[in-house]
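Protein chains: 2
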Amino acid sequence: MGKGKMHNKHRNYDDENSWACGNWFEFLLVVALAIILLIGALVLVLFWVLYYRGGFAWNENPTLEFNLHPVLMIAGFITFSGFSMLLYRVGRCCRRIYVKLFHTIFHALAVPCVVVGFIAVLDSHNLANPPIRNFYSLHSWMGFVTMGLFALQFVVGFFSFLILLCCENATAGFRASLVPIHATFGILTFMLAVATCLTGLTEKTIFTLGVSYSYLGEEAIIINALAMTLVAGAIVMAYTLLREGFRYSGHILVSVQSEM
Amino acid sequence: MGKGKMHNKHRNYDDENSWACGNWFEFLLVVALAIILLIGALVLVLFWVLYYRGGFAWNENPTLEFNLHPVLMIAGFITFSGFSMLLYRVGRCCRRIYVKLFHTIFHALAVPCVVVGFIAVLDSHNLANPPIRNFYSLHSWMGFVTMGLFALQFVVGFFSFLILLCCENATAGFRASLVPIHATFGILTFMLAVATCLTGLTEKTIFTLGVSYSYLGEEAIIINALAMTLVAGAIVMAYTLLREGFRYSGHILVSVQSEM
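Here the protein sequences line up with chains C and U, keeping their order.
In the working numbering, each number is its position in the first sequence, counted from 1, plus 285.
In the working numbering, each number is its position in the second sequence, counted from 1, plus 285.
For the record, the hints were derived by calculation from the structure and aren't laboratory data.
It cannot be assumed that every hint is accurate.
[To be verified] Reference excerpt, derived from the structure (chain C facing chain U, CB under 7 Å, subset only): (1) Tyr421; (2) Gln438; (3) Ala480; (4) Lys489; (5) Ile491; (6) Ala512; (7) Val516.
Virtual Cβ for every residue (Gly too), placed ideally from N, Cα, C.
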């Protein structure tokens with residue numbers, strides 16, 4: 286038993302050491318890059334809509350009401366959801382329940398964005414003259430899949446990881462087995478959201494700029510830059526979330542506590 | 286030590302048992318679904334191109350030459366690459382080196398598909414009357430990122446996991462540390478490829494069907510079905526590849542051998 290304990294201690298020491306050397310730099314770089322890209326996408330879509338597309342309006346002007354759609358969907362599905370997922374990598378020193386609560390709050394902030402963004406596109410189609418048909422494009426079908434997965438994740442997450450805490454011990458096994466599935470589908474929902482944004486941007490650009498898109502004017506470059514920010518965001522987020530070493534593991538926390 | 290060994294054995298027995306119960310069914314279901322979706326996407330794109338878009342030609346007919354682009358890109362980036370990654374989950378009983386070799390062969394099969402698919406779209410633009418500009422759309426920019434990541438993964442994988450085997454012991458640590466990075470970027474390249482296909486399909490559909498897309502005729506439904514097959518493929522592949530329990534681990538293989 287003594288040998289086992291020493292072996293464990295040695296391994297923890299190694300883990301800590303390797304984090305001190307190169308991993309902290311890598312971790313901070315990747316997290317900083319992720320934050321810049323998540324906020325960068327929101328800033329770029331706001332700039333695009335305000336500077337080139339005439340800003341916002343509610344249903345008195347359906348064309349401008351549409352502009353709420355890309356901004357709110359990127360705010361909800363990319364920026365807020367992205368931050369919410371990053372919390373599980375950044376919040377290494379906080380108590381797990383606080384990380385969980387902020388994870389829920391950030392996702393809860395995404396809900397009104399998605400709902401209003403959805404109403405905005407419906408209004409802008411239905412109130413247009415002549416009205417534009419709904420739910421025909423593959424972008425809209427992908428949007429349904431993304432929103433469905435998001436809702437499912439939110440409901441399952443809320444009940445399993447917060448409500449079921451009321452009978453903590455009885456549900457520990459179930460909750461633990463659900464964690465990797467919830468995490469996998471969370472990353473997947475984010476990737477699908479990025480893909481849906483990219484098809485939406487393609488649609489909007491072709492409908493708005495038409496043939497002039499191919500001459501890569503100012504607006505076209507801004508849209509392509511927004512698309513590339515989303516792609517880079519997806520790459521950096523996937524790397525940050527899937528990198529084994531970045532995982533916030535209770536095991537390490539417990540061993541550190543036992544050493545103190 | 287005796288106690289430790291018993292504990293180990295007990296854990297392996299548990300692993301085997303839990304696989305026998307529910308995980309085998311889940312594993313086979315998910316792998317079968319992934320195979321159906323990977324082949325399904327190829328069949329659907331072939332059907333679309335042959336039945337609605339007039340089939341194939343080389344550069345004597347640039348419009349028909351374009352049709353090679355979606356088919357070959359889906360064949361290379363989705364079907365072959367998908368199979369190549371699935372091998373690491375399916376080949377549980379084979380020697381690792383065979384899995385590696387077939388992983389390389391499937392990816393090597395993807396290379397000519399991607400190259401000819403790329404030449405086909407260039408030709409179809411340059412030989413059109415009037416010529417169509419290249420590399421302006423976000424689809425093309427995403428295509429560059431995807432092809433770049435694919436090439437990087439191929440070269441790094443080939444040198445690190447096959448060539449460096451010549452001095453096996455000296456490079457073991459380096460190779461082991463590279464495995465999770467190679468795997469993460471592999472899944473990411475697949476997801477990016479799916480997203481790029483979806484923006485490409487959006488472009489082509491709007492350019493070809495125009496306003497009639499919104500009436501969801503036969504062809505529009507086929508294209509949307511193809512898009513949904515790709516989305517479902519991305520979901521099932523991510524689940525299969527990221528699910529911890531499905532991972533082919535040398536640790537289990539070694540313990541099983543020691544039991545025999």
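- Message: Under 7 Å is the threshold here; is the Cβ of Gln438/C close enough to any Cβ of chain U for the hint to stand?
- Response: For Gln438/C, the interface hint is violated, since the closest Cβ of chain U sits about 13 Å away, which is over 7 Å.
- Task: Against chain U, run the beta carbon of Val516/C and see if the smallest gap drops under 7 Å.
- Result: holds, 6 Å
- Query: For the hint on Lys489/C, does the least C-beta distance to chain U fall short of 7 Å?
  - Reply: violated, 10 Å
- Query: Any CB of chain U closer than 7 Å to the CB of Ala512/C?
  - Reply: Since the shortest Cβ distance to chain U is 4 Å, the answer is holds.
- Interface hint outcome for Ala480/C [beta carbon to chain U under 7 Å]: holds, 4 Å
- Tell me if Ile491/C is really an interface residue toward chain U, meaning its C-beta lies closer than 7 Å to one of theirs. holds, 5 Å
- Item | Interface hint status, Tyr421/C versus chain U (Cβ within 7 Å) | holds, 5 Å
Comparing the model with each numbered hint stated earlier shows that hints 2 and 4 do not hold.
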